[in-house]
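*Asks:* The residues making up each chain are set out below.
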Amino acid sequence: MTDEHHGTEPPSEAALRIKAMEQVLIEKGLLEAGAVDTIVDIFEHQLGPKNGARVVARAWSDEAYHQRLMTDATAAILELGYSGFDGEYMVVCENTAEVHNVTVCTLCSCYPWPTLGLPPMWYKTAAYRSRVVIEPREVLKEFGLTIADDVEVRVWDSNNELRYLVLPMRPAGTDGWSEEQLAKLVTRDSMIGTGLPLTPEQLAAQEASA
Amino acid sequence: MTDFESQSLAEALDPCRQGSNLLAEGMDAPKFGEPWHAQVFGLAFALSKAGHFTRDTWVDTFSKEIKANPQRPDETSEDAYYRQWATALFELLESLDMMNDAEMAEAVEAWRRSFLHTEHGKPIVFRRDLPKPDYDHVHHHHHHAPAEPPKPVAVSEAI
Numbered sequence: 054m055t056d057e058h059h060g061t062e063p064p065s066e067a068a069l070r071i072k073a074m075e076q077v078l079i080e081k082g083l084l085e086a087g088a089v090d091t092i093v094d095i096f097e098h099q100l101g102p103k104n105g106a107r108v109v110a111r112a113w114s115d116e117a118y119h120q121r122l123m124t125d126a127t128a129a130i131l132e133l134g135y136s137g138f139d140g141e142y143m144v145v146c147e148n149t150a151e152v153h154n155v156t157v158c159t160l161c162s163c164y165p166w167p168t169l170g171l172p173p174m175w176y177k178t179a180a181y182r183s184r185v186v187i188e189p190r191e192v193l194k195e196f197g198l199t200i201a202d203d204v205e206v207r208v209w210d211s212n213n214e215l216r217y218l219v220l221p222m223r224p225a226g227t228d229g230w231s232e233e234q235l236a237k238l239v240t241r242d243s244m245i246g247t248g249l250p251l252t253p254e255q256l257a258a259q260e261a262s263a
Numbered sequence: 002m003t004d005f006e007s008q009s010l011a012e013a014l015d016p017c018r019q020g021s022n023l024l025a026e027g028m029d030a031p032k033f034g035e036p037w038h039a040q041v042f043g044l045a046f047a048l049s050k051a052g053h054f055t056r057d058t059w060v061d062t063f064s065k066e067i068k069a070n071p072q073r074p075d076e077t078s079e080d081a082y083y084r085q086w087a088t089a090l091f092e093l094l095e096s097l098d099m100m101n102d103a104e105m106a107e108a109v110e111a112w113r114r115s116f117l118h119t120e121h122g123k124p125i126v127f128r129r130d131l132p133k134p135d136y137d138h139v140h141h142h143h144h145h146a147p148a149e150p151p152k153p154v155a156v157s158e159a160i
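If you read the sequences in order, they're chains B and F.
Under our numbering, think of the first position of the first sequence as 54, with each following residue one higher.
Under our numbering, think of the first position of the second sequence as 2, with each following residue one higher.
Looking at chain B on its own, in the form it has when it is part of the complex (with noise of 0.2 Å):
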């Protein structure tokens, strides 16, 4: 029994051992204070698929960015101001009219942080990891996405010095579209391969019903 007019109630088993090692690797200085917050607050407020979607609404509509993209994607990301914690790679894969590409880390759950932030759950999945390099075609299909027989489909296995992000194709009817506005088309399973973007359509109607 507790008494809800004294104490705390302690969080779970788990929670309290995470802030145990914190407070630990504190008092021996390994760590600093505050190192943890700082990190969270990134992955919370400033990294995500919004990103990753300028940079390829970038490469869109600047050739010049596109080619630099694609000899050095590290180098063009950090052009936009993205940038990794640990200096791992970065690399584009383009979509063509011949060839679909799929991300996964097989091993664990890597990820191109600095352009997407946190993975999916069904990323880290050990159903994900091992099913869509196995069976890429059907592991889409999950997603509502069909690839035609006579496309391609690649799949690319991240670790941790290489990570993968899929440029896709810009969607027909886009002529002449800023930036800005060919960013709302991008969507991060588009940037994963388990997705397309948005076609001008779904943006109208995603918009009259926000």
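Just so you know, the hints here were simulated from the structure itself, not pulled from any lab data.
Source: prediction; values computed, not measured.
For each residue, glycine too, the CB sits at the ideal point set by N, CA and C.
Where hints are given, some of them may not hold.
[Stated by the list, open to error] As a list, the in silico DSS-like pairs of lysine-lysine whose alpha-carbon atoms are at most 25 Å apart:
no.: 1; chain 1: F; residue 1: K50; chain 2: F; residue 2: K32
no.: 2; chain 1: F; residue 1: K133; chain 2: F; residue 2: K123
no.: 3; chain 1: F; residue 1: K32; chain 2: B; residue 2: K237
no.: 4; chain 1: F; residue 1: K65; chain 2: F; residue 2: K50
no.: 5; chain 1: B; residue 1: K81; chain 2: F; residue 2: K32
no.: 6; chain 1: B; residue 1: K237; chain 2: B; residue 2: K103
no.: 7; chain 1: B; residue 1: K194; chain 2: B; residue 2: K237
no.: 8; chain 1: B; residue 1: K103; chain 2: F; residue 2: K32
[Claimed, not checked] Examples of chain B residues toward chain F, derived with CB under 10 Å:
no.: 9; residue: V144
no.: 10; residue: E147
no.: 11; residue: E214
Starting from the structure of chain B, add chain F where the hints point.
*Replies:* Relative to chain B, chain F alone:
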């Protein structure tokens, strides 16, 4: 035993909520489900950034733990992921002589007491000098029941 590697993605995400559209997470980056998920995630990054281990070592340790202790039938994939992350991180700290089991147990108990000794709503200040709470005495002004050990209760919402 469930073969997690052959499941559909919706099943893998949550064995209890099969069929619902779990893949539609929206356009935004997912948020952390519980505060400790954020803390343990940030802790590994902060320590590798501070140079205590390389990302290489981290990926190696974490992927071994994922393989050794996969998702259990009673867990969501998110529960499993952060359990694996936390276990891998502590194992790595132990192997690097940065922290051991005894230090963990002491600090966990000190945190628990710090919570129990703080009036609800007040900020929790970590203290190592708190006595073992006499739950019967602390929580009840009149003795009417035998003392019961405290039961840890998660205060955060399950996702």
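*Asks:* Would the pair K237/B and K103/B pass a check requiring their Cα atoms to be no farther apart than 25 Å?
*Replies:* Since the Cα atoms of K237/B and K103/B sit roughly 9 Å apart, the hinted pair holds (cutoff 25 Å).
*Asks:* Tell me if the interface restraint on E214/B is satisfied: Cβ within less than 10 Å of some Cβ in chain F.
*Replies:* 8 Å, holds
*Asks:* Run the distance test for K133/F versus K123/F: straight-line Cα separation, threshold 25 Å.
*Replies:* Holds. K133/F to K123/F sits at ~20 Å (cutoff 25 Å).
*Asks:* Go through the hint on E147/B and say holds or violated, using the shortest Cβ distance to chain F against 10 Å.
*Replies:* 21 Å, violated
*Asks:* Are the Cα atoms of K50/F and K32/F separated by 25 Å or less?
*Replies:* Roughly 22 Å between the alpha carbons, so the hint for K50/F and K32/F holds.
*Asks:* Given the hinted pair K81/B and K32/F, is their Cα-Cα distance within 25 Å?
*Replies:* Answer violated: K81/B to K32/F is near 31 Å, above 25 Å.
*Asks:* Please verify whether K194/B and K237/B have alpha carbons no more than 25 Å apart.
*Replies:* 24 Å, holds
*Asks:* Given the proposed pairing of K103/B with K32/F, does the C-alpha separation stay at or below 25 Å?
*Replies:* Given that 25 Å is the threshold and the Cα spacing comes to 14 Å, the pair holds.
*Asks:* Is the interface hint satisfied for V144/B? The criterion is a beta-carbon contact with chain F at less than 10 Å.
*Replies:* The hint is violated - V144/B has no Cβ within 10 Å of chain F, the shortest such distance being about 16 Å.
*Asks:* Holds or violated: are the alpha carbons of K32/F and K237/B at most 25 Å from each other?
*Replies:* 20 Å, holds
*Asks:* Compare the distance between the alpha carbons of K65/F and K50/F with 25 Å, and conclude whether the hinted pair is satisfied.
*Replies:* Holds: K65/F and K50/F sit about 21 Å apart, inside 25 Å.
Comparing the model with each numbered hint stated earlier shows that hints 5, 9 and 10 do not hold.
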